[in-house]
Amino acid sequence: MGTGQTGSGVPPDVHDVPPDVHDVLLDVRDLTVALPEGAERPNAVENVSLQIRKNEILCVVGESGSGKSMTAHAIMGLLPRPHVKVVGGQALYRGRDILAMREAEQRALRGGRLAMIFQEPMTALNPLMTVGDQIEESLKAHAVMDRAARRARVVELLAAVGLPDPQHLRRSYPFRLSGGQRQRVMIAMALALEPDILIADEPTTALDVTTQKQILNLVAKIQAEREMGVMFITHDFGVVAEIATTVAVMQHGRCVEVGPAERVLNRPRHPYTRELIAAVPHYIEHRDDFVRKGEALLKTEKVSKVFRLGGFFRKGRTLVAGEDISIEIHAGETLGIVGESGSGKSTLGRCIIGLLKADGGRILFQGRDLVTLSRRQFRPVRKDIQMIFQDPYASLNPRHKIGDIIAQGPVAFGEGKARALERARELLRLVGLPEAAADRYPHEFSGGQRQRISIARALALDPKLIIADEPVSALDVSVQRQVLDLLDDIRRRLGLAMLFITHDLRIAAQVCDTIAVMQKGRVVEMNTAREVFQNPQHPYTRTLLEAIPGKGWEIPEDLRTRRVVPGAESLGQEAGA
Amino acid sequence: MNRDFWRAFARNRGAVLGLAILGVVVFCAVFAGVLYPQSPWDMATVPFQPPLSQDALLGSDTLGRDIAAGIVYGARVSLLIGLTSTAVALLIGVTLGAVAGYHGGRVDDAIMRFTELFQTIPNFVLAVVLVAIFTPSIANIVVAIAIVSWPPLARLARGEFMALRSREFVQAAVTAGQGTGTIILRQILPNSLSPIIVSASLMVATAILLESSLSFLGLGDPNVMSWGYMIGAARTVIRQAWWMSFFPGVAILLTVLALNLVGEGLNDALNPRLARKGRA
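Listed in order, the protein sequences are those of chains A and B. Take 1 as the starting number for the first sequence in the working numbering and just add one per residue. Take 1001 as the starting number for the second sequence in the working numbering and just add one per residue.
Extracted from the complex, chain B is given alone in its bound form (with noise of 0.2 Å):
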């Protein structure tokens, strides 16, 4: 399973170039205090250095702080806030879904109900109420994501264990005596889990996207360097020092798309029928 699951990945280029970049990345997380031992906050030159000056590679923004600090440490912000809220939104929305999805009826109908008043409420807003009723610091905002990102995964996971719970399988699991959370965790999740690893996937990306539009609006936890408040703090110096918003909007982009490249890879790797069939 596993050789077979690596080569169908490769077999799709921009997965692997996906993963590399992603590589790149953590590897800028991981030894961020390595590569620039001093914070991210501290002034480090002169304000307004171009890139490639001597003591700035990609320049320096108003207040003098080095900008490629200020992107290796948002790193791990972003992957962090990244991870932990999909992490959550999983557990919200798999659990949910599959409980629906398996007693289906009245139950399922009450928690597609209650879904659905998420899903109407439009994402960002709703993400923006959170962590202002709330003080922004990091805990918050991945609560805060998680809270407006798991209903697409509620869904997903109803479907599945929708279609798995009539499976003959199952059925025999119940007729062998059974309980019902052993039937849900070791018959049907373990069925269901391809499509919800490609989504969540999708979803990191989702999410570090939205940490960094609420640090554009400020909302950001003041205490950590964000690839989104670097953006929000040079805008409004964009026509003098274009690289103080452009160099972390790379980052931002880069890793998005890294993501969305390595989910869509797991998406074919994991879904035999399309991987057989092959793209280029």
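So here's chain A without its partners, still in its complex pose (with noise of 0.2 Å):
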């Protein structure tokens, strides 16, 4: 972390936070957190200092990996030991070291002065109790109340977090709630001793972008009538530019970058920032309209499903996913279907490939219609319609070679597995990975890396249509743009049709040149994606565009244009080389 030398081409680490000590609430120096032996790298956090000030929200950004959740744990005492600890550092609260506190002190501090909420709302509650008992539980545990005394504050604080009809919500399980209600409960929870610092780790991240744009704003409203000091972990730009006053990029395990919101946005600095930032999807370059000719090459219906659940003897609950589902796509066209969990946007997508059968409606491909077929009558079908899968790490086979993987759809349609082997090569090359892949097992490839495979597996059989079902949504912002580069790249050149599944309206505008909007199992809204963006018709649409976090920022003019991320992910090089 030297400071001194700018002249070397690597640029220092960039710190410009003003040195106003007496708001410092937090002050983290020179914190180190060592991984266990065997680990990729030997410290986890390396020398990363931070502070957070009263009425303030720092923003501490990174990939998966970075080290930022960790900076977290430490802070809070939740790291697993022994494997991991602390070896070095300070973390002073109003000038006493909470790393060097015995295990009552910081007992009393957790949860009274410092609180946290996380990532997943269903996993850090407890499912067996009501939420009322488990606001009371911390109260009971730090503050001298009577009965009555702790129910009025419960009350009080589900009505802060803006919950409904707090005095009979009380009484409702966590599996009652959704999950931005059970977010709320959890920050209820969290403001439940009236912390000064709270330490917020992806709390929106498992959530909808609608009901992300809620949480945010309830974060950023409590912040300001509390004058907290709030820690954000988050790996988003748009969240940091939504509700950000200072932020921190981690990368490494080290903190490169700290300043106030409004400068790392639009002045970064350090090259890893920049780097982030110009990955960051962004819907100002809008591609050209795509010209509909001729027939179509895919149509859907009014298609419908329905899901019924239950058993033999039992009676059967019904789940709608999918009514009056319309679409239609053309030869070398992008078609985005955006919509929330739960809007029946994969359901559609398995409807066409056959994987779910259609309950009713026509799902047209060249004219003929699949719903109608059997499973042998279907099979010559699957040639054409291949599918990306949304997770890299479920979507390979852990025990096949990746070469036997893309040559498996081949094989089973009677080419000869020499001939399929070497084709697969070829495609290998053509994802930008090394042909040597092809012997190596999906364990040693990262999640991008992974992403390209399954690329070249649905490439394998020379498909007319490629359904992408949320391919990139489980991977960093910088593997993200790289992956949604090549596919765009590969349909380009081969002339594929895409149907392209995604939650976020900013991955679908980059990629797609039309977009279905879905909402309930219901297509509410089909037009090109320029018009979607600038002149939204259905008011969902509306209110999903108004969700996008971070929409008043605007990327840097000198990042915009950078198509390419240099060093993101070492596959850049093997495949350059």
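Hints were generated in silico from the structure; no laboratory data involved. For every residue, glycine included, the Cβ atom is placed at its ideal position computed from N, Cα and C. Among the clues, some could well be false.
[Claimed, not checked] Some chain A residues judged to face chain B by a derived CB distance under 8 Å, without partners named:
| hint | residue |
| --- | --- |
| 1 | Leu396 |
| 2 | Pro398 |
| 3 | His538 |
Given two chains presented individually in distinct reference frames, assemble the corresponding complex, making use of the accompanying hints.
Spelled out as structure tokens, the structure:
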């Protein structure tokens, strides 16, 4: 962390926080957290110095594995001991080092002065306790209050986080609440004892975009009302732009840039920050409008799908996943299906590819209705429609070699094994991986590389239509960008049609010609990407656009056109060699 | 994979000990003919010889047969029956479980009710009845043991298949046009083997115990010397000649213990999350 090596080409880590020490609530100095031997690097967090001030939201940004969560967990004493432990540095809360305190003192501070909310609100709440009891527990542990006062306080807290009917809701169990409501309960719990500092570890990552918006607003409102210091961990620069007053960027366990939000977002200095910001999907560069010609490649008419839950003797429950879905896609077109979880977008994709059978309507592929086909009749169609799955860790069989995985389709359709393997190698080159990858197993590859392998597998049968089901939602933003670029490039070169399923409008804006917005099993709006963004017709589309985090922030001019992100993953170099 | 597997296995000391004991048992079974060229049924010495007497290391039984010879030949029967009946049980259990788990719905319901039918009947009683109806022979005993022990394997395989069939790599295989048979055998089965191997190793031990119990009741194959038969025959004189039932009993105990230890070691080695945690 030198500051004097400006001339050497490698810029120093950039820290430009005003030296105002009066309002500092938490001062983390040179925090170092060691990983157990044999881990990929010796320290999860190395010499990180951060300050959380009163009345400020500090956003800690970084990709997975950057050590941002570890930093928060170290402060809260939540490290998985004895494997991972703090080996250096201090965390001063009002002048006293939390890390050096005895367990009892730490406990008094946790929950009392320092509170934390987590990413997954379902697992963070005890499923067997009512939410009211859970909030009461922390009051019981820390504050002297009688039963009635506690009750009143719980109701007050639930109301403060915007939950409806707090008197009644207090007696509900977590499973009855939606993800957003659970996160509100978590926040209410954290606020129970009026903490000075709130640490939020990716609290909106598991939520839908409209819910995310609400929670972000709530956090910002509560922070302002109570003049708390908030440490907000996220991987999303949109979220940062939405709420941060100060930003800290972390990479490989080091804090590479700290500064006021406005400065870091608009004039990032450190090359890594610049890379990250350049990779953020943004919808300023629309491609040319796609001109539809001739017959549609795929056309769905009033497709519906109902799930029946239940067994032999039980009366089943039904769950409507899709009703009246009508879309159209032409050769060479990329159609984005956008919607929140449960909107039926994945169900539609699975109905088209034949993993699920639609209950009604027609799916016309090259004029042939797929819904009426039997399993046997469907088989020849499989060649023409292929899928790229969401989870790169679950979509490749861990016991098969990459070559075999890619060749499995052609082999199933009767091609010779040797020929198919040779083709698999060609495809690996096409997706930017070395041919030697064919002889290795999936666990040797990173998430982005695995997604490239999935793309190669989908291409192996020379399909006409590719269904991409959230292909980049499990990837870090810089890798996301590379995979999206690859998909776009291949699609253009091979003239493929693509059905791109995503929950993220920003990503849809980047890769899609046409966008269909889905809500509760219906397509509420379908139009060119440009029209959807500039002139949304349906109120739900407007709500979605409104909820995009950080929409008021424009990516700095000089970073907009950079398409390739060098060094973000070793793969870039491998492919170039 | 192999190197890691052995390292994880060796970290469990008990498993290594179990493997060593098992090695001795296998050695006895294989070289029984060399160690004791005479048939174990032949009279070798005077009846009621105590252990460490001149011509019988572990003593002799009521008819003057050598106990040591009986144990060595009994190892053959025990291992043979343990392994083959487990293999048959695996075949039935994994096949039914795989079909039930993969197809789900009605097929699953039907197969699982059928499995439960077997699970509700006490194992040992069913085995006794089966062997009593058919004549007691090695083949019939193997079949009887297999029939009573496949249901847990079927349930296990079903669970594994259900969890794996919704995984994306299986769906990818469906969209690649692979047939159901190929998907079950090539995609899912290799990924579900670890827990199945572990419980199969424990099942060998149960099978050996079952066989001994059957022989003890006089339902063993009358033509082969087995540990259970030896204990059963000696039980009437247990107060005068403890060694006649003691040594075969120790043989059963050690073999079953060894198999359980090995099974546990396999569990640690094949389940990487547990293996990393370590036990000591």
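_Contradicted hints - numbers only_ = Result: hint 3 breaks, nothing else.
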